[in-house]
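Undergrad: So the chains spell out like this:
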Amino acid sequence: MAVNDYIRQRFFPHLWCSGCGHGIVLNGLIRSVEKLGMSRNEMVMVSGIGCSSRISGYMDFHTLHTIHGRALAFATGVKLSKPELNVIVPMGDGDALSIGGNHFIHAARRNIDITAIVMNNRIYGMTGGQYSPLSGPGVMATTAPYSNIDQGFDVVEMAKAAGATFVARTTAYHVQQMADIIRAAILHEGFSVVEVMSQCPTYFGRKNKQGGAVEMMKRMKESTTPIGSKAKAEHPELIERGIFVQTDKPEYCSEYDRIIERAMGGV
Amino acid sequence: MTRQIKFIQGNEACVEGALYAGLDFFAGYPITPSTEIAEHLSRRLPQQGGKFIQMEDEIASMCAIIGASLTGKKVLTATSGPGFSLKQEALGYAVMAEIPCVIVNVQRGGPSTGVPTHVSQGDVMQARWGTHGDHSIVALTASNHQDVFAMTVEAFNIAETYRTPVILLFDEVVGHMRERLEIPEKGEIPLVERLRTAVQGGVDYHPYLPREDGRLPMSDFGDVHRYNVTGLVHDMWGFPSDNPKIVHGLLRHLVDKIENNASQMAHYKTFYLEDAETVLLSFGSAARSALHVVEHLRPRGEKIGLLELQTLWPFPADVVQQYCNSARTTVVVEMNMGQVCQMVKTTVRHPERVFLANRIDGVFITDADIRNVLRLIEGKGV
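In order, the protein sequences belong to chains A and B.
Position 31 of the first sequence, counting from 1, maps to 169 under the working numbering, and the rest follow consecutively.
Position 47 of the second sequence, counting from 1, maps to 124 under the working numbering, and the rest follow consecutively.
For the record, the hints were derived by calculation from the structure and aren't laboratory data.
Among the clues, some could well be false.
Going by beta-carbon spacing under 8 Å, a handful of chain A positions derived as facing chain B [said to hold, decoys possible]:
(1) Ser-236
(2) Asn-240
(3) Ile-398
Every value quoted in this text rests on a predicted model; they were computed, and no experiment measured them.
From the three backbone atoms N, C-alpha and C, an ideal C-beta is built for every residue, glycine too.
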């Protein structure tokens, strides 16, 4: 199938600002699904609220655009009730880890076979540029006019600690790597987390004097490095990207099938 | 086959009703006094291939059943006051996206943590208006286990017929009390199954376009029709719209599909109402004490009867008017500060003839409590 067959063309142009990284994530996602050759009828995309969540409307899958922070909880209901479906959950940083933080850690703990994509632009874009739990100290935002004093989460460390069995990070600049990682995440049986660092030139870039999309993407290129690279040893402040965790653990829906067997057998 | 007879809690009667109705999926979170529903379903559902999940919180439970309903399953969650509050946003989502699902609230005393192990009927208005925005809602209740069973089955039938969430507003006394339940044989109570679209793959399917009879055929996630489900105001394909005509039309549709069918959903019971001058109006466990009063006073020649509401929302105004308009006195018996009483007052011809007999101290209202109010109304003192 052609890439265009995976999108709902009548809804384009999309609503994201020019220069937004989320369109690149959409691109990477489509390319990974296309390479996998999966049928659209077996794909479900569940999203929450925010700029990121609008990605579901553009994909020609079964799409469930839910409420703020709860996408993973809805997705758990979809997946457990019909495990043969492939469930992808794109979320923003605030959506996934502020209002949705509880669902994030518990979905990871259960190791239910869902692919979570955290589109991390470190800001609440839809509401106009407030600081998020991923902004980190020193960041300027409309609700941090004197600079932010909140410490930030590290999505990767958080996902690892919560028990996710596939954890990766990439950026909107590294779109080839992004497509490869998302493909591996979808194929992984268990809870997968892919953090995609994405740029918001409209709010984060403007408030923090980081320039436009090009400058912000250049910054992503320069501030990141492959996991375990020599550069990381020399410059510990660099952010690593790649696959951090890829392990096999019992998957929730498969385990529940065993519960059914046990219950039916009366053991 | 003979009917199965059980001596069980009301919460178990609800479980039996849900399974009879064809429950496939339950998501919940422990909370007194509804926990037994989750406990029993964790054992019973997998025995028949269904799924049970204890979610991380009340909100997640409500969200999970909505997700599961979209794959074509009959779904349930159960909670009590604080959990019911937490579910309200997702409940509104189910209203907006027209997702069939059933939510049990075994009421306890509130507000806040309140009196977790004691009875109350204080969530009548929360059931009606707990989620934000204009909308309509369906809420059913019951006073005994046979009716808990029947109303649970009816809740699933209404949810499927009207593509709507349905609330079962039970209370701690009914939930925890043990009494006899006779489980009807298969087929004795008709079941409404999911109405699925007959539209073939490749042909435009409109998930939000009602048929002539008002019903909206669904398509399961995983089937040939890929459509969008959203809490935003949406068009007939399910895609967001802020076109004023669509906004207005959708809101009217969501309200009308419930309110215009209120008479079909109006369930109630009448006791000795033919010549009643004093009408007791009650629901849930409070109706048991009200019936006790009626059966005590009838042999003494008093023209008193009971109207027991089983449908609280949409409010059965026609039924209330029919039995209360000509009554000399209507006494609403409930364990709250008059939530149904206010509705009755705004419904009947003579609101000044409507009185409240209530208890709000977590103690079950007794026949003596109600008779005291009757004596006060008649000027006899207590």
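Undergrad: If a hint holds in the structure, say so; if it does not, say that too.
TA: Each hint, compared with the structure:
1. Ser-236: At 14 Å from the nearest chain B Cβ, A/Ser-236 fails the 8 Å test, so the hint is violated.
2. Asn-240: Constraint on A/Asn-240 satisfied, holds at 6 Å.
3. Ile-398: holds, 5 Å
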